[in-house]
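Enquirer: The numbers in the numbering used here rise by one with no breaks, and the one at position 123 of the sequence shown is 123.
Among the hints, erroneous ones may be present.
[Claimed, not checked] Simulated crosslink set (SDA-like; lysine to any residue; CA at most 20 Å straight-line):
#: 1; residue 1: 99; residue 2: 50
#: 2; residue 1: 99; residue 2: 111
#: 3; residue 1: 99; residue 2: 159
#: 4; residue 1: 99; residue 2: 123
#: 5; residue 1: 99; residue 2: 113
#: 6; residue 1: 99; residue 2: 118
#: 7; residue 1: 99; residue 2: 89
#: 8; residue 1: 99; residue 2: 132
#: 9; residue 1: 99; residue 2: 140
#: 10; residue 1: 99; residue 2: 127
#: 11; residue 1: 99; residue 2: 156
#: 12; residue 1: 99; residue 2: 114
#: 13; residue 1: 99; residue 2: 158
#: 14; residue 1: 99; residue 2: 138
#: 15; residue 1: 99; residue 2: 150
#: 16; residue 1: 99; residue 2: 149
#: 17; residue 1: 99; residue 2: 116
#: 18; residue 1: 99; residue 2: 122
#: 19; residue 1: 99; residue 2: 135
#: 20; residue 1: 99; residue 2: 87
#: 21; residue 1: 99; residue 2: 88
#: 22; residue 1: 99; residue 2: 133
#: 23; residue 1: 99; residue 2: 125
#: 24; residue 1: 99; residue 2: 139
#: 25; residue 1: 99; residue 2: 152
#: 26; residue 1: 99; residue 2: 115
#: 27; residue 1: 99; residue 2: 119
#: 28; residue 1: 99; residue 2: 110
#: 29; residue 1: 99; residue 2: 128
#: 30; residue 1: 99; residue 2: 155
[What the hints assert, rightly or not] With beta-carbon atoms standing in for the labels, derived distance ranges:
#: 31; residue 1: 72; residue 2: 119; range: 37 to 47 Å
#: 32; residue 1: 73; residue 2: 123; range: 37 to 47 Å
#: 33; residue 1: 89; residue 2: 66; range: 33 to 43 Å
#: 34; residue 1: 142; residue 2: 90; range: 25 to 35 Å
#: 35; residue 1: 112; residue 2: 158; range: 18 to 28 Å
#: 36; residue 1: 119; residue 2: 154; range: 14 to 24 Å
#: 37; residue 1: 16; residue 2: 103; range: 37 to 47 Å
#: 38; residue 1: 116; residue 2: 72; range: 41 to 51 Å
#: 39; residue 1: 34; residue 2: 136; range: 13 to 23 Å
#: 40; residue 1: 143; residue 2: 90; range: 30 to 40 Å
Hints listed in this document are in silico derivations from the structure and should not be mistaken for laboratory results. Just so it is clear, CB atoms sit at the ideal spot from N, CA and C, and this is done for glycine as well.
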Amino acid sequence: MSAEPDPRLVYARTADGDDESAEPRRELAPGERRILNAIDGQRCVGDLVQFARPGELGPILAELEARRLIEVVGLADEPSEAERRARTSAEQALLERAKHGLRGVFGAELGAAGQVWEARVADCVSMEVLRRVLREAVDVVYFRSGEAAARRIVAAVRPVFEQARDRP
1 MSAEPDPRLV YARTADGDDE SAEPRRELAP GERRILNAID GQRCVGDLVQ
51 FARPGELGPI LAELEARRLI EVVGLADEPS EAERRARTSA EQALLERAKH
101 GLRGVFGAEL GAAGQVWEAR VADCVSMEVL RRVLREAVDV VYFRSGEAAA
151 RRIVAAVRPV FEQARDRP
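Work the whole structure out from these sequences, hints included.
Expert: If you want it as structure tokens, here you go:
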């Protein structure tokens, strides 16, 4: 399998994959387990990207397939122009809610240095870019202000990311 699988591929868990998802017994990396649990026979690879870090989805799918925990069950149709516009509009609304939920959070945790992170969040153009910025920002807050401060930031935006994950 190539590093970047066709975003239209649809995977389902095999019987072994269902068993592993329900009752973990194998040594799987956290990313592998996260993707295994997200695979439902309906989501296409393009929808699974949000559960993985950049560049890790292809290798994870290849590993899960090699272990016979998942299998390709179909190829989704290309979305129509109206569906693409609706999806883009929904993502932009989620992005704006996430940005709104984070306003002032970095300043409160980092003081003047937090303004840099406030600006980086404001400049995010997609949920994927925001995820990357937040991963880096949470690490910075953790090392400068401690675990409790990092958890407060994660808690501020978690509901938006959970809503994004649960959308079709």
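Enquirer: All the hints need checking, so say for each whether the structure fits it.
Expert: Okay, the hints, checked on the actual structure:
A distance of roughly 18 Å separates the Cα atoms of residue 99 and residue 50; the hinted pair therefore holds under the 20 Å criterion. With a C-alpha separation of about 18 Å, the suggested pair residue 99 and residue 111 falls inside the 20 Å cut-off, and the hint holds. For the suggested pair residue 99 and residue 159, the alpha carbons sit about 12 Å apart, so the restraint of at most 20 Å is met. Of the pairs offered as hints, the one joining residue 99 and residue 123 holds, with about 10 Å between alpha carbons and a cut-off of 20 Å not exceeded.
Distance restraint check for residue 99 and residue 113: the Cα-Cα separation of roughly 18 Å lies within the 20 Å cut-off, and the hinted pair is therefore satisfied. Of the supplied pair hints, the one linking residue 99 and residue 118 holds, its CA atoms being roughly 9 Å apart against a limit of 20 Å. Taken as a hint, the residue 99 and residue 89 pair is honoured in the structure, with Cα atoms around 15 Å apart against an allowance of 20 Å. Among the hinted pairs, residue 99 with residue 132 is consistent with the structure: their alpha-carbon atoms are about 14 Å apart, no more than 20 Å.
Simply put, residue 99 and residue 140 have alpha-carbon atoms about 18 Å apart, close enough for the 20 Å limit, and the pair holds. Distance check on the hinted pair: residue 99 and residue 127 sit about 10 Å apart at the alpha-carbon level, within 20 Å; holds. With a CA separation close to 10 Å, the supplied pair residue 99 and residue 156 stays within the 20 Å bound. The suggested pairing of residue 99 with residue 114 holds, with an alpha-carbon distance near 14 Å, which does not exceed 20 Å.
Between residue 99 and residue 158 the alpha-carbon distance is near 12 Å, which keeps this suggested pair within the 20 Å criterion. Between residue 99 and residue 138, the direct Cα distance comes to roughly 15 Å. Compliance with the 20 Å bound is thereby established for this hinted pair. In summary, the hint linking residue 99 to residue 150 is supported, as the alpha carbons are separated by about 16 Å, within the 20 Å threshold. Between the alpha carbons of residue 99 and residue 149 the distance comes to roughly 18 Å, so the proposed pair stays at or under 20 Å and holds.
Between residue 99 and residue 116 the CA atoms are separated by roughly 14 Å; this keeps the pair inside 20 Å, and the hint holds. Simply put, residue 99 and residue 122 have alpha-carbon atoms about 7 Å apart, close enough for the 20 Å limit, and the pair holds. Pair hint residue 99 plus residue 135 holds up; C-alpha atoms about 14 Å apart against a cutoff of 20 Å. Between the alpha carbons of residue 99 and residue 87 the distance comes to roughly 18 Å, so the proposed pair stays at or under 20 Å and holds.
Pair hint residue 99 plus residue 88 holds up; C-alpha atoms about 16 Å apart against a cutoff of 20 Å. This hinted pair checks out: residue 99 and residue 133 have alpha carbons roughly 12 Å apart, not beyond 20 Å. Between the alpha carbons of residue 99 and residue 125 the distance comes to roughly 11 Å, so the proposed pair stays at or under 20 Å and holds. Between the alpha carbons of residue 99 and residue 139 the distance comes to roughly 18 Å, so the proposed pair stays at or under 20 Å and holds.
Only pairs whose Cα atoms come within 20 Å are accepted, and residue 99 paired with residue 152 is accepted, the gap being roughly 15 Å. Restraint check for residue 99 and residue 115: satisfied, since their Cα atoms lie roughly 14 Å apart, inside the 20 Å limit. With a C-alpha separation of about 10 Å, the suggested pair residue 99 and residue 119 falls inside the 20 Å cut-off, and the hint holds. For the proposed pair residue 99 and residue 110, the alpha carbon gap of about 17 Å is at most 20 Å, so the pair holds.
Taken as a hint, the residue 99 and residue 128 pair is honoured in the structure, with Cα atoms around 13 Å apart against an allowance of 20 Å. A C-alpha spacing of about 13 Å is found between residue 99 and residue 155, which places the hinted pair at or below 20 Å, so the restraint holds. Take residue 72 and residue 119: their Cβ atoms lie about 42 Å apart, and the range 37 to 47 Å holds. Judged by the Cβ atoms, the range 37 to 47 Å given for residue 73 and residue 123 holds: they are separated by roughly 39 Å.
With their beta carbons about 38 Å apart, residue 89 and residue 66 fall inside the hinted range of 33 to 43 Å. Evaluation of the 25 to 35 Å hint for residue 142 and residue 90 yields a pass: the beta carbon distance comes to about 31 Å. With their beta carbons about 26 Å apart, residue 112 and residue 158 fall inside the hinted range of 18 to 28 Å. Take residue 119 and residue 154: their Cβ atoms lie about 20 Å apart, and the range 14 to 24 Å holds.
Look at residue 16 against residue 103: about 46 Å separates their beta carbons, and that is inside 37 to 47 Å. The hint said 41 to 51 Å for the Cβ distance between residue 116 and residue 72, and at roughly 44 Å that hint holds. For residue 34 and residue 136, the hinted distance range of 13 to 23 Å is satisfied, since their beta carbons lie about 19 Å from each other. In this structure the supplied range 30 to 40 Å holds for residue 143 paired with residue 90, their Cβ-Cβ distance being about 34 Å.
Consistency with the previously given hints is maintained throughout, with no hint failing.
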